[in-house]
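Since chain A is already given, all that's left is putting chain B on it; use the hints.
Heads up: the protein sequence lines correspond to chains A and B, in order. For the record, in the first sequence the residue sitting at position 139 is 139 according to this note's numbering, with numbers rising by one throughout. For the record, in the second sequence the residue sitting at position 273 is 273 according to this note's numbering, with numbers rising by one throughout.
Please keep in mind that the hints were generated in silico from the structure rather than gathered at the bench. Hints are supplied without guarantee of correctness; some may be wrong.
When chains are identical, the list treats them as one kind, so a pair holds in a single copy or across two.
As the list claims (entries may be wrong) - Listed next, the in silico DSSO-like pairs over lysine-lysine satisfying Cα-Cα at most 30 Å (straight line):
#, residue 1, residue 2
1, Lys59, Lys251
2, Lys297, Lys251
3, Lys282, Lys59
4, Lys205, Lys275
5, Lys205, Lys85
6, Lys188, Lys275
7, Lys188, Lys285
8, Lys275, Lys195
9, Lys20, Lys188
10, Lys205, Lys297
11, Lys282, Lys188
There are 2 protein chains.
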Amino acid sequence: MSLIVVGSMAFDAIETPFGKSDKIVGGAATYIAWSASNFTRSINQVSVVGGDFPKEELKMLEARGVNMEGVQIKEKEKSFFWSGKYHMDMNTRDTLDTQLNVLANFNPVLPDSYQDCEFLMLGNLVPAVQMAVIDQLKKRPKLVVMDTMNFWMETAMDDLEKVLKKVDVLMINDSEARQLSAQYSLVKAANTIMKMGPKFLVIKKGEHGALLFHEDGVFYAPALPLEDVFDPTGAGDTFAGGFIGHIARTKDISFANMKTGIIVGSALASFCVEKFGTTRLKELKHRELEGRIQQFKELVNFDIELLLNDSNAE
Amino acid sequence: MSLIVVGSMAFDAIETPFGKSDKIVGGAATYIAWSASNFTRSINQVSVVGGDFPKEELKMLEARGVNMEGVQIKEKEKSFFWSGKYHMDMNTRDTLDTQLNVLANFNPVLPDSYQDCEFLMLGNLVPAVQMAVIDQLKKRPKLVVMDTMNFWMETAMDDLEKVLKKVDVLMINDSEARQLSAQYSLVKAANTIMKMGPKFLVIKKGEHGALLFHEDGVFYAPALPLEDVFDPTGAGDTFAGGFIGHIARTKDISFANMKTGIIVGSALASFCVEKFGTTRLKELKHRELEGRIQQFKELVNFDIELLLNDSNAE
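One chain only, chain A, in its complex shape:
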């Protein structure tokens, strides 16, 4: 009974208006595991790395309770590499280089010990690989959460649509929601996308927060206004990790508890962007996380008693 995390474990080279990183460890599943392991120690990782991926990084995650049995290590190959440059608004970026390497022919193989998982987090990855993991599960998890991106909408839409039919919660950003639904209004976009499979939709809006849609309900989680966003890489994955980590720990998949999951994810993402790569997540203390959750409460909390005129009462 556990959480399976699927996604890349890789290298990034990042340029922001505030600085430039060397080739550092990244990848969706790396961020998700670091984030989710604040809440649960039963994480089963599914990924693939080359011989160049630091063994030390895998060990650090193992020490946090992340099972690496489903991570293939192809000693003679190289890990996935992405390089990008962020614009001033940090919401847009240019890809400078992408080297698929081990990801080019990734066939995930689910260890027997991963069966009977309750929660499945499909990090952003080739839809066909996400589907291969779903297909290998003998029993449907209690909750399947999927992250994806515009690139797959453009290059693998048929596969993406098949996976969408199998997931409970989809996480995408606002421009991706518009692209996927061909609707400009996010409310209309959400209604369209929820007909494609997911019963819940999370729309991430970066510095503008995140929206959670379910049936007629909607929840708006703010982003904490930050002095500086140092490096947004991995913020979305960290958000996903906090969300699924909280859900897996509480085993409560209600709309109300998903709202909490969104706040938890937002809090973790707000730490992620403070330093390059996974640095801040690795040094994060629980008291810091608790303090930030408190800040989120104060950020949105208001009392209200309306005093209205009589003249236009009805």
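Okay, now just chain B, sitting in the frame of chain A:
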């Protein structure tokens, strides 16, 4: 003991992706008065119109408790006219035509009956005119709120800086906050602007909600996700009217009550955009407003109890 509202009463012609209006009644002070009059019947209007401005419009506001003694009617001149076209995102627009007309030589004259006002709402207008109103007040109001725009930062920055020193609350949008402060981060922008005079800063972000800054505190009010934004004209003024209307009614200028004011303003603005011009504000019922306030509560309300791992506790 009352609220003074200063601003334009004018004509607009609006084009949006959803339609096109004829020349319809608009102007900052028009929207502010419609919005604020939901809460208080002691509104003293300061504005100028031409002979072409419908007397019926003034009468409708008078029936809501808005005193028109400070509204100059220049029968032989024409009212201010603005025409604009909105882009698909509704956050950006092109000005197609601006005819200053009566606004070109507007010298506001404050009637004696307006003295001793407790609250002053300076709607977006030439900074020198805003200043002329402040200068005519024998006693400083309990709270001075000011709206302005990028146009005055580019054409009348010296005057604008003088007015800023006199106001308690400044309301601007995010790009204007960045322009005024020469800071990209909104947190840094707020800190810079609060050194220019205002003790409180409201940053309006359209569909992304609004931020309220005061000393080290910050409050994030979401915008209600809407199926359609039909016409955003006047949304910022309506927001300001709801804010100052609530404050004037409760006579409470604490940070906590300003948070409530922001929610009230956001709720009113969410109605304003549903139809062209002031149409929706004119037909708005109190039960509708109360219902929408309830939606805002549900939109941001969350319960949280964190369950964290022991491993990285501190």
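Intra- versus inter-copy proximity for lysine 188 and lysine 282 (alpha-carbon distance at most 30 Å): between (39 Å within a copy, 27 Å between copies)
Lysine 205 and lysine 297: within-copy, between-copy, both or neither at 30 Å Cα: Both, since 19 Å and 20 Å are each at most 30 Å.
Within, between, both or neither, where lysine 188 and lysine 285 count as close if Cα-Cα is 30 Å or less: between (40 Å within a copy, 26 Å between copies)
Copy assignment of lysine 205 with lysine 275, given that the CA separation must stay at most 30 Å: Classified as both; 20 Å inside a copy, 26 Å across copies.
Lysine 188 and lysine 275: within-copy, between-copy, both or neither at 30 Å Cα: between (36 Å within a copy, 18 Å between copies)
Within, between, both or neither, where lysine 205 and lysine 85 count as close if Cα-Cα is 30 Å or less: For lysine 205 and lysine 85, the Cα distance is within 30 Å both inside one copy (19 Å) and across copies (26 Å).
Identical-chain pair category, lysine 275 with lysine 195, by Cα at 30 Å: between (38 Å within a copy, 29 Å between copies)
Within, between, both or neither, where lysine 297 and lysine 251 count as close if Cα-Cα is 30 Å or less: Both: 23 Å inside a chain and 26 Å across chains, each within 30 Å.
30 Å Cα threshold - placement of lysine 59 relative to lysine 282: Answer is within: at 13 Å inside a copy they meet the 30 Å cutoff, but 65 Å across does not.
Intra/inter-copy verdict for lysine 20 and lysine 188 if alpha-carbon distance must be at most 30 Å: Only across copies: lysine 20 and lysine 188 sit 22 Å apart there, 39 Å inside one copy, limit 30 Å.
30 Å Cα threshold - placement of lysine 251 relative to lysine 59: Answer is within: at 27 Å inside a copy they meet the 30 Å cutoff, but 60 Å across does not.
Figure legend: structure checked against the earlier numbered hints; every hint is met.
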